[in-house]
Amino acid sequence: MTPMTIIEKIFTRASHMDVKPGDYIWADLSLVAMRDFGGPNVIQEYESNLGAASVFDRRRVAITFDLHVPARSEKVAVNQKMLRDFANRQGVMLFDVNTGVGQHILLENGMVRPWDIIVGTDSHMNLLGAVGAAGFGMGTTDIAGAMFKGKLWFRVPETIKVTVSGNFKTHVGAKDLILHILKDLTTSGALNRAIEFTGQTIRAMDLAERITLCSMVTEMSGDVGFVVPDQHIIDFIKSRTDGPVEPVYPDKNVVYASNHEYTVDDLTPQIACPHSPDNVKEVAAVAGTKVDQVFIGSCTNGRYEDLEVVARFLKGKRIKAGVRLIIVPATMEVAKAAVESGLHELFLASGAVVTNPGCALCTTGHPGILAPGEVMLSTSNRNFVGKLGKGAEVYLASPITAAATALTGEITDPRSI
Amino acid sequence: MAKYRIAWLPGDGIGKDVLDATRIVLDKIRLDAEYVPGDVGWEFWCTEGEPLPKRTVDMMKTTSAAMFGAITSKPRTIADQELVPELRNKGYVYRSPIVRMRQMFELYSCKRPCRAYPGNPLNYKENIDIVIFRENTEDLYSGVEFYPVPEEMFKVKGMEKVARDAAISCKINTPRGCERIVKAAFEFAKNSNRKKVTCVHKANVVRATDGLFLEIFHKIAESYPNIEAGDANVDSLCQWLLKRPLDYDILVAPNLYGDIISDLCAQMTGGLGFGSSGNIGDDYAVFEPTHGSAPKYAGMYKVNPIATILAAKMMLEWLGEKADAARVENAIASVIKEGKVRTYDMGGDVSSLDMAKAIADKC
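Just so you know, the sequences run in chain order L and Y. If you read the first sequence in my numbering, its first letter stands for residue -4, the second for the next number, and so on. If you read the second sequence in my numbering, its first letter stands for residue 657, the second for the next number, and so on.
Fair warning: there could be bad hints in the mix.
To be verified - Below are the SDA-like pairs computed for lysine to any residue, each with C-alpha atoms no more than 25 angstroms apart in a straight line:
no., chain 1, residue 1, chain 2, residue 2
1, Y, Lys978, L, Gly386
2, L, Lys146, Y, Lys978
3, L, Lys276, L, Lys144
4, L, Lys146, Y, Thr718
5, Y, Lys710, L, Ala82
6, Y, Lys717, L, Ala48
7, L, Lys382, L, Ala366
8, L, Lys233, Y, Arg711
9, L, Lys178, L, Ser234
10, L, Lys4, Y, Asp683
11, Y, Lys717, L, Ser234
12, L, Lys144, Y, Arg711
If you're looking for bench data, these hints aren't it; they were derived computationally from the structure.
Sequences are here, hints too, so could you generate the full structure?
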């Protein structure tokens, strides 16, 4: 048999036929998700075409509320009500405004395993590749169809292999690495492709770091990104579900569409400058740029481990007067852990605003957006023009660079503090 | 996520023993399922005044099906005494969790297969293979009961001959209730190539309710010309079941008669250690052994888990995992036939878990 990549194996199993890159196939889905943003359109599409027809399996459809939580306007409230009513009618799962970022909620609730194919209305569904699942963000029509049939068509993507070796220097980590890779591969570098991350550096990464890597595959236009799972990731999944958990590995001798090797021994803190995630420079190159606001959170960097790094940096210090630091845990589980371990208190003492879990400052939908001409450093994943307020400028960097920047009020290489 | 979410409800007494054993078999066949534990049982009656707490019902609604162990029920006076002091005399009334599940999830069909597996020393006769479809939500189990009987009821015509100190339990049967259980029996017969369905009733005496059941039975039977349809009074059927059990194939009955003949048929095919039950609705199902919670054996892993493993096999069929169901049943049949591994009821001394392991080894 021809050796296969992870995505080829997953699609082979889910389509019940041997696949190769370029094939168009129908694949069985493990789970269909939608969120408060995009979800209402899905429901309108679904009901205008299918009426009251039952979804394919009410136990495998999930609605997550993570963008405008709690509802910030009457229009949003009406949309959220539409989703709650639909969940009641159909008996599907609903995670309401007190839960957090959808993909993270699915992970925490044991609803994501290797081999799973999960589609949703969030463009960063592919961060589920951090545990070896194939997550795809899709549009309204696809999600409505998926919810009815439990199947969808896909084009089997070619796979890019990214191998990383070496040890990070102090204050350098996964976010710096993925920004560095983005600079190299560019925002179109993985178009219609999957990525497999592997190598010694990757193997040592915890779940939060793997999520950071995989979530940014979207910014390279990639379909999906995988980290080859290691035992501690399997252990995490097993701690969340008692269903069978079977890792998925690529075959040896697979021929990849391309191979890219990186070493991190000399990697410095990286930053994506306005207005593109691949406009990446060394932090030192833009150090001194004044900022008005710093955001720490999002599906890319909102895990407990991310907050812990920030707390260690902020301990006993106060942020620069005039700078707003907004910290948003990805989920309620993360938020609770932050309260219990004292992180929350430490953040408040440093002068930060800590809000309820969610996607937060990823889009203009959330409180905290910027005035024209204002500058923000964010740990999120994209910095397109206008996404966080007209005329604003957004830089993307790691949580620790964000913390350092909040302390000084200007973009700061954390190694200089 | 896992293909199935299964509510895992051990309940009281040996419920945990037999579900632990069953899990060994389900894990062996690697069913793609997640098992979600739920609180149900006497303990929750005593501490919360509710043996089937709302949180468990809510959890069940998120699952595909449930595996249920066993439940302890005690008479009303004892139930009241065992409530924690702060809940006493507050109007809490013990209601059977399994009966409530049947009504809440509309699990109208109770399917009880009774098969004499070759080599079982407890078989009454070899080759018995009967499947009972018992109506599960109405009849005498509707829960409409009066004691004392309210005064206004005596104004209804026909009630004048009833003594004022009578107790009344209503036997309620609806056309919809009769139709769906009879259809379930015939559909099963058709899909599994069975030859005959027998309606169990007492229509010559209980004319309104059983008369309705029998009338609907014969009407529906007309749509299944290739399946023989017969009927029998419940009393004479018991006699004939003992005398000529091989004459019977599928039995369909209102709730109470179904309950009684289920135990009779279970005893002919191995007794409590072999009787399994599926409480099946259109969208949900709860599978359980028919035995009780046997408190004196709780935690000893002594009782025969085959009844529960057969219930799991029925669940696999209901989920559509027919190949896995066949694997499990063949493994059970093979262990029974070899006769080397037997629990105490079969004359052996292996534990519940070892019996399960022996079955898992053959899956």
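Quick rundown of the hints versus the structure:
| no. | hint | result |
| --- | --- | --- |
| 1 | Lys978(Y) with Gly386(L) | 61 angstroms, violated |
| 2 | Lys146(L) with Lys978(Y) | 22 angstroms, holds |
| 3 | Lys276(L) with Lys144(L) | 45 angstroms, violated |
| 4 | Lys146(L) with Thr718(Y) | 21 angstroms, holds |
| 5 | Lys710(Y) with Ala82(L) | 19 angstroms, holds |
| 6 | Lys717(Y) with Ala48(L) | 19 angstroms, holds |
| 7 | Lys382(L) with Ala366(L) | 12 angstroms, holds |
| 8 | Lys233(L) with Arg711(Y) | 24 angstroms, holds |
| 9 | Lys178(L) with Ser234(L) | 36 angstroms, violated |
| 10 | Lys4(L) with Asp683(Y) | 24 angstroms, holds |
| 11 | Lys717(Y) with Ser234(L) | 23 angstroms, holds |
| 12 | Lys144(L) with Arg711(Y) | 30 angstroms, violated |
Checked against the numbered hints listed earlier, the structure breaks hints 1, 3, 9 and 12; every other hint is satisfied.
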